[in-house]
Each structure stands twice: as structure tokens, then as C-alpha cells.
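> These protein sequences, in sequence, are chains A and B. At the far end of the first sequence sits residue 315, using numbering that gives the first Met the number 0, and the numbering has no gaps. At the far end of the second sequence sits residue 315, using numbering that gives the first Met the number 0, and the numbering has no gaps.
Just so you know, the hints here were simulated from the structure itself, not pulled from any lab data. Only true hints are included.
Identical chains blur together in the list; that is why a pair holds if it fits in one copy or across any two.
Cut-off 25 Å, straight-line C-alpha distance, at most; resulting in silico cross-link-like pairs (DSS-like, lysine-lysine):
{"hint": "1", "residue 1": "Lys233", "residue 2": "Lys244"}
{"hint": "2", "residue 1": "Lys208", "residue 2": "Lys195"}
{"hint": "3", "residue 1": "Lys240", "residue 2": "Lys195"}
{"hint": "4", "residue 1": "Lys296", "residue 2": "Lys9"}
There are 2 protein chains.
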Amino acid sequence: MKAISVTDDKKLALIDTPTPTLNEGEVLVRVHAAGVNRADILQAAGHYPPPEGESEIIGLECAGIIEDPGTTNRSKGEPVACLLAGGGYAEYVAVPEGQLMPIPQGYSFAEAAAVVEVATTVWSNIGMLTGLSKEHTILIHGGAGGIGTFAIQMAKHIGATVAVTAGSVEKLQTCAQLGADILINYREQDFAEIMKNKCDRILDIMGAKYLDGNLTALAMDGHMVIIGLQGGVKGELNIGKLLSKRGTISATALRARDRADKARIVADTVANIWNLLEEGVIRHHIHATLPLEEAQKAHDMLKSGEVTGKLVLTVS
Amino acid sequence: MKAISVTDDKKLALIDTPTPTLNEGEVLVRVHAAGVNRADILQAAGHYPPPEGESEIIGLECAGIIEDPGTTNRSKGEPVACLLAGGGYAEYVAVPEGQLMPIPQGYSFAEAAAVVEVATTVWSNIGMLTGLSKEHTILIHGGAGGIGTFAIQMAKHIGATVAVTAGSVEKLQTCAQLGADILINYREQDFAEIMKNKCDRILDIMGAKYLDGNLTALAMDGHMVIIGLQGGVKGELNIGKLLSKRGTISATALRARDRADKARIVADTVANIWNLLEEGVIRHHIHATLPLEEAQKAHDMLKSGEVTGKLVLTVS
Ligand SMILES: NC(=O)c1ccc[n+]([C@@H]2O[C@H](COP(=O)([O-])OP(=O)(O)OC[C@H]3O[C@@H](n4cnc5c(N)ncnc54)[C@H](OP(=O)(O)O)[C@@H]3O)[C@@H](O)[C@H]2O)c1
Ligand SMILES: NC(=O)c1ccc[n+]([C@@H]2O[C@H](COP(=O)([O-])OP(=O)(O)OC[C@H]3O[C@@H](n4cnc5c(N)ncnc54)[C@H](OP(=O)(O)O)[C@@H]3O)[C@@H](O)[C@H]2O)c1
Numbered sequence: 000m001k002a003i004s005v006t007d008d009k010k011l012a013l014i015d016t017p018t019p020t021l022n023e024g025e026v027l028v029r030v031h032a033a034g035v036n037r038a039d040i041l042q043a044a045g046h047y048p049p050p051e052g053e054s055e056i057i058g059l060e061c062a063g064i065i066e067d068p069g070t071t072n073r074s075k076g077e078p079v080a081c082l083l084a085g086g087g088y089a090e091y092v093a094v095p096e097g098q099l100m101p102i103p104q105g106y107s108f109a110e111a112a113a114v115v116e117v118a119t120t121v122w123s124n125i126g127m128l129t130g131l132s133k134e135h136t137i138l139i140h141g142g143a144g145g146i147g148t149f150a151i152q153m154a155k156h157i158g159a160t161v162a163v164t165a166g167s168v169e170k171l172q173t174c175a176q177l178g179a180d181i182l183i184n185y186r187e188q189d190f191a192e193i194m195k196n197k198c199d200r201i202l203d204i205m206g207a208k209y210l211d212g213n214l215t216a217l218a219m220d221g222h223m224v225i226i227g228l229q230g231g232v233k234g235e236l237n238i239g240k241l242l243s244k245r246g247t248i249s250a251t252a253l254r255a256r257d258r259a260d261k262a263r264i265v266a267d268t269v270a271n272i273w274n275l276l277e278e279g280v281i282r283h284h285i286h287a288t289l290p291l292e293e294a295q296k297a298h299d300m301l302k303s304g305e306v307t308g309k310l311v312l313t314v315s
Numbered sequence: 000m001k002a003i004s005v006t007d008d009k010k011l012a013l014i015d016t017p018t019p020t021l022n023e024g025e026v027l028v029r030v031h032a033a034g035v036n037r038a039d040i041l042q043a044a045g046h047y048p049p050p051e052g053e054s055e056i057i058g059l060e061c062a063g064i065i066e067d068p069g070t071t072n073r074s075k076g077e078p079v080a081c082l083l084a085g086g087g088y089a090e091y092v093a094v095p096e097g098q099l100m101p102i103p104q105g106y107s108f109a110e111a112a113a114v115v116e117v118a119t120t121v122w123s124n125i126g127m128l129t130g131l132s133k134e135h136t137i138l139i140h141g142g143a144g145g146i147g148t149f150a151i152q153m154a155k156h157i158g159a160t161v162a163v164t165a166g167s168v169e170k171l172q173t174c175a176q177l178g179a180d181i182l183i184n185y186r187e188q189d190f191a192e193i194m195k196n197k198c199d200r201i202l203d204i205m206g207a208k209y210l211d212g213n214l215t216a217l218a219m220d221g222h223m224v225i226i227g228l229q230g231g232v233k234g235e236l237n238i239g240k241l242l243s244k245r246g247t248i249s250a251t252a253l254r255a256r257d258r259a260d261k262a263r264i265v266a267d268t269v270a271n272i273w274n275l276l277e278e279g280v281i282r283h284h285i286h287a288t289l290p291l292e293e294a295q296k297a298h299d300m301l302k303s304g305e306v307t308g309k310l311v312l313t314v315s
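With these hints in hand, go ahead and build the complete structure from the sequences.
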């Protein structure tokens with residue numbers, strides 16, 4: 000099959016490679032579209048190796064058609080969206096059955112491929128882990144980003160009050176259109192002061208840089224979840240401050256979860272989020288689709304920062 | 000009434016002071032016994048003021064008899080144990096109804112007064128907050144202390160594997176007799192290395208000093224709860240390490256909780272722990288009882304470090 004591989008000088012190039020063989024409980028999917036994620040750039044640069052035993056090929060989500068159901072009860076020809084530990088940038092990928100999702104009604108393969116990672120990430124953290132409810136105020140950092148735009152819509156659907164940070168007036172405008180109630184320009188304003196003691200939940204992508212500010216923003220019995228480390232890995236934690244708020248800090252990543260855990264999250268996400276996608280309550284924007292062989296161009300675009308919404312690679 | 004007050008030179012002395020008046024939903028309790036806690040020493044030194052609106056008198060737990068049921072449906076003469084925000088070192092104390100507990104069958108007033116703080120603290124953290132189960136391994140720091148001895152017994156009753164730290168062979172022996180499975184002398188051994196990646200739950204009382212070690216000891220999806228800051232308030236948090244384990248850190252304190260929250264914890268503790276006290280599954284050791292007027296002596300004893308088990312003040 001054709002697949003994308005990383006060359007010695009860290010470029011993405013189309014190669015010929017053996018079609019994956021199936022292990023027990025896996026199906027072979029003919030990929031029609033594969034989502035591009037920021038983590039893919041890290042992996043291409045050699046900083047984010049796949050979990051042990053998983054495909055070396057880049058690509059954390061895709062949509063396509065079952066080519067070989069293996070030992071499962073699935074049917075050849077069934078359209079599916081897939082959460083992957085790797086392998087999406089290819090014509091075929093082997094997928095554990097628990098990581099298959101239906102294509103949301105009315106969604107194209109590209110739209111389905113684009114929504115898997117963000118939907119499972121946001122729901123597993125905000126919904127399953129912290130139990131966001133309509134009484135809560137949630138602070139979403141990077142509200143205009145891929146994770147952020149999805150999280151705003153989900154939190155508003157739940158009925159929570161939503162505060163966001165973003166880096167420009169235009170981006171805050173996007174957040175407002177999606178329903179965000181409190182708009183904070185992180186280049187000009189201090190979110191910690193504005194949200195002091197007000198946030199029952201925080202979805203953080205900055206890590207160390209925002210640790211103490213998030214603690215200031217946290218309300219009594221608040222829970223912050225860190226899913227990105229864009230602002231560094233190590234930070235000073237004032238445990239006295241955490242204790243005085245009876246606060247909780249979690250940090251999570253989706254990719255390293257074992258298959259049982261992923262299956263649990265996939266099932267819960269489909270049960271809680273898929274109807275919202277089908278009804279258009281949550282919309283997820285595709286910035287551009289490119290053919291698989293232009294994977295390098297897609298990465299260059301994402302690195303440039305000009306992308307708003309998702310990039311998707313299509314496989315013909 | 001008689002009560003203990005802190006003199007200008009920070010000594011405890013018996014004084015005459017007005018009997019408390021009742022607010023809506025409070026009962027007046029004639030105190031027979033009041034437990035002595037480490038936090039009381041802090042408060043006597045001026046470092047731990049009571050929450051707003053609560054009694055200035057020291058004392059976080061007591062047992063006695065209802066003298067005046069106020070507007071509640073309780074009866075005069077009913078024996079009760081009480082979780083207090085303050086006021087225990089006195090002849091009478093006003094107690095919100097939600098903070099009243101029955102005296103465990105077979106318990107004296109002194110035994111009941113001695114068990115309230117530790118039972119609610121341990122259960123609210125290990126049971127309610129982290130949901131300890133028999134599949135878990137829990138690390139309990141200070142296993143031979145008041146909190147520790149109780150926590151070991153509770154965790155073993157649940158069926159968990161229990162590791163403890165303590166500062167001497169004798170103290171570890173005490174922990175082993177209570178059922179602890181893994182004994183670590185913190186003066187000679189490195190708990191973080193011994194328990195590396197093994198602890199699903201950690202009950203910490205050291206704060207900053209043990210933050211990184213606890214993170215090393217944490218297992219995948221582990222949850223540590225910090226309830227004491229004996230080793231300092233501020234420490235470096237490696238968020239990348241936390242994320243790679245999908246870990247959670249909580250820090251809590253019982254005293255500052257509002258009345259509704261305390262009532263919820265009191266009810267849950269009675270429902271889950273009181274039968275274990277009555278059946279002798281969990282035992283809580285009283286080191287000595289002293290008359291109320293010797294409160295200063297009790298504090299001196301506790302400060303000396305010679306106390307193993309609880310000190311209780313009795314009111315005649
Ligand atoms: N742990 C997991 O399972 C998991 C899964 C998926 C993603 N993630 C992580 O989540 C993060 C967001 O992913 P994404 O796909 O949404 O990427 P993205 O679309 O590129 O978004 C990045 C966001 O970071 C924001 N940002 C940059 N500097 C900021 C600052 N100082 N304060 C607040 N926001 C700031 C940007 O805001 P502006 O554009 O307004 O400047 C932008 O919204 C990434 O770090 C990613 O690695 C984690
Ligand atoms: N947040 C809350 O709601 C709450 C409620 C109650 C208590 N607490 C806190 O919980 C802690 C324990 O209370 P307690 O009543 O059990 O006090 P305690 O009986 O005096 O116990 C103190 C414990 O600290 C241990 N310790 C000292 N240095 C240590 C080290 N380097 N490593 C491990 N353990 C060490 C001691 O162990 P050795 O004796 O073996 O040296 C002892 O077991 C206190 O900090 C208290 O303030 C918090």
C-alpha cells in the first residue's frame with residue numbers, strides 16, 4: 000500500500016509499504032480521509048514516538064470503509080470513523096474494534112476524520128473526567144483553537160458559563176459566536192485576575208506557564224485538567240493555595256491509553272456527542288483538504304499558524 | 000460556662016465565658032469529652048484562625064449530651080458525637096444538626112470524641128474523593144500517626160494493598176500489626192524508588208517535600224490527596240510526568256468546608272464507618288485523657304512527640 004513515511008531529513012514522503020496484518024480483534028480499514036493533528040508534527044520531528052506495539056506511521060484519526068473485518072462481527076463495506084494510536088496517513092490501517100465509531104449522519108469521510116480526536120479528547124476530559132454541569136463556570140484556554148472551539152460548543156450545550164482566552168480580537172469574536180460568555184485576550188489581559196476564584200473547571204493547554212494563574216482562577220472545589228504543555232513542563236505548585244481551595248489538578252493524554260480505556264472513551268463519546276454532531280449543535284470546521292501525498296505541505300501550513308480549523312488528508 | 004482561652008503569652012487557660020447562643024438549626028451540646036488535634040496547637044499559636052462566623056474557642060471534635068435541641072427535632076438528653084469548626088474545649092458548644100453523629104455502640108464519650116476528626120478526614124478523602132477499591136495499592140505516609148493508623152485499617156478493610164512510611168522500626172511494627180503490607184522507613188529508605196509506578200492512591204501529609212517522590216510512586220491513572228503540609232507549601236511540579244501517568248492531585252481540608260458539605264461528609268462517614276467502629280474492625284487508640292483545665296499540658300505532650308494515639312480532654 001501507499002503510506003506516508005518520515006525521511007532521514009525529517010520530511011514526509013509517500014512510500015510503498017506492506018499492508019498491515021490483523022491481530023485478534025482488529026479490522027482492516029481502507030482509509031478515505033485522515034485528520035492532521037499538532038501531535039503529528041511532533042512525531043515527524045522525532046519527539047513523539049508511538050506507544051509500544053503500535054504503527055510507526057503517523058496519523059491519530061481517520062475515516063473509511065472496512066475492507067477486512069478479521070475475527071470481528073463487523074461487515075466488509077461498513078463505513079467507520081477510527082481513533083488511532085498511529086497509522087492514519089496510509090491507504091490501509093488496522094484498527095481495534097473498540098476504536099471504531101459510526102460516521103455521524105450527514106458527515107463526509109473528511110468531516111468524520113476531522114472530528115474523532117477532538118471529540119474524544121474534549122469529552123473524555125470535560126465530560127467524563129471532570130463532570131461539567133450547568134452550574135459550573137469553565138475556563139477554556141485557546142478558545143479559538145481546534146480543541147477550544149469544540150469545547151466551547153460542548154460546554155455551552157451542557158449549560159455552563161464559558162470563559163475563554165485567545166490571542167486576538169478576531170479569535171475572541173469566533174469564540175463569542177460559538178457561545179463563549181467571557182472573552183479574555185491573553186496578550187493584553189490577565190486571565191487569573193479576571194477569573195479569580197471563579198472557575199469550577201479549567202481546560203488547560205499551557206502547562207507550567209499557566210499553572211499558578213489557573214490556581215488563582217480556580218474556584219472552591221475546582222478541577223483543572225491539563226492536556227497540553229505549550230507553556231512548559233515544570234512549574235512551581237503552591238500546594239497551600241490548592242489546599243485552601245480543595246482543588247484538583249489532573250493531566251491526561253489520549254494516545255497512551257490502553258485499548259480497553261480507548262474503547263470505553265470511544266463508546267461514551269459516541270453516546271454523548273454523536274447526536275450533537277448530527278443535529279449541528281456542535282460544528283467542527285475543516286480549513287482545507289489535501290491529498291495524502293501532500294502531507295508535508297499540510298504540516299507546513301499547520302506550523303505556519305495560518306490555519307483556523309482542521310486539515311484533512313484524503314486518500315483516493 | 001468554663002472554657003479554654005489563649006492568653007496573651009499564647010498559653011491555654013480556663014476562663015469563664017458566656018454559654019453559646021443557638022442559631023437556626025443548631026443544638027447546644029454539654030461537652031463530656033473533647034479530642035485534641037495537631038491543628039489545635041497551630042490555632043493556639045495564632046496560625047490557624049477559625050473560619051468566619053465560627054467559635055474562637057479551640058476544639059474540632061467532642062462528644063456529650065444535647066442540653067438544648069433549639070429548633071431541631073432532636074431530644075434533650077440525647078448522646079452525640081460532634082464534628083466542630085471550633086468550640087470543643089468548653090463545657091458547652093453550639094453544633095449545626097448536620098454535624099451530629101451517634102455515639103458508636105460500646106464507645107465512651109472520650110472514645111467517641113477521639114474518633115470524629117480522623118474518621119471524617121480519612122473517609123472523605125480515601126473513600127469519598129478517591130474511591131479506594133480492593134484492586135488498588137495505596138501509599139499512606141505517616142502510617143503510625145493518628146490519621147495513618149486509621150487509614151491503614153480502613154484501607155485493609157476495603158481490601159486494598161497498603162504501603163506505609165514511618166520513622167522507626169517500632170512504628171513500622173505498629174503499622175504491620177494493623178495490616179500494612181509494605182513497610183518503608185522514611186529515615187533510611189526511598190519510598191519513591193520502592194513504590195515507583197505502583198501507587199493507585201496516595202494519602203500525603205508532607206506536601207512540597209514529597210511532591211515529586213509521590214509523582215514517581217504514582218501508578219497510571221493514580222490519584223494523590225494531600226491533607227498536610229508538614230514538608231512545606233511550595234514545590235516544583237513536573238506536569239509532563241503527571242501527564243504521562245494521567246495522574247490527579249487533590250489537596251483538601253475539612254475545617255473550612257461549609258455546613259452543607261460537612262453534613263454530607265458526616266452522614267457518609269456514619270453510614271460507612273460507624274459499623275466498623277462498633278464491630279472493632281477499626282480501632283482507634285487513646286493515649287491519655289486529661290481534665291479540660293490541663294489543656295496546656297495536653298498540647299505540651301503532643302508537641303513533645305511522645306504521644307502515640309489520641310489525647311482527650313474530659314469535662315466533668
Ligand atoms: N492530551 C491530549 O490528549 C491532547 C489531545 C489533543 C490535543 N492536545 C493539545 O491541546 C492543545 C490544543 O490543540 P489544538 O488541536 O486545539 O491546537 P491548535 O488549534 O493549534 O490550538 C493551539 C491553541 O493554543 C493557543 N495559545 C497559544 N498560546 C497561548 C497562550 N499564551 N494563552 C492561551 N492560549 C494560547 C492558541 O490561541 P491563539 O490562536 O488565540 O493564539 C490556539 O488556540 C495542543 O497543545 C495539543 O497538543 C492534547
Ligand atoms: N486536611 C485535613 O482535613 C486534615 C485533618 C486532620 C489532619 N490533617 C493533617 O494530617 C497530618 C497527620 O495528622 P495526625 O493527626 O495523624 O498527626 P500525627 O499523629 O502527629 O502524625 C504525624 C505523622 O507525620 C509523620 N511524618 C513526619 N515526618 C515524616 C516524613 N518525612 N515522612 C513520612 N511521614 C512523616 C509522622 O511519622 P513518624 O511518627 O513515624 O515519624 C507521623 O505519623 C497532619 O499534618 C495534620 O495537619 C489534615
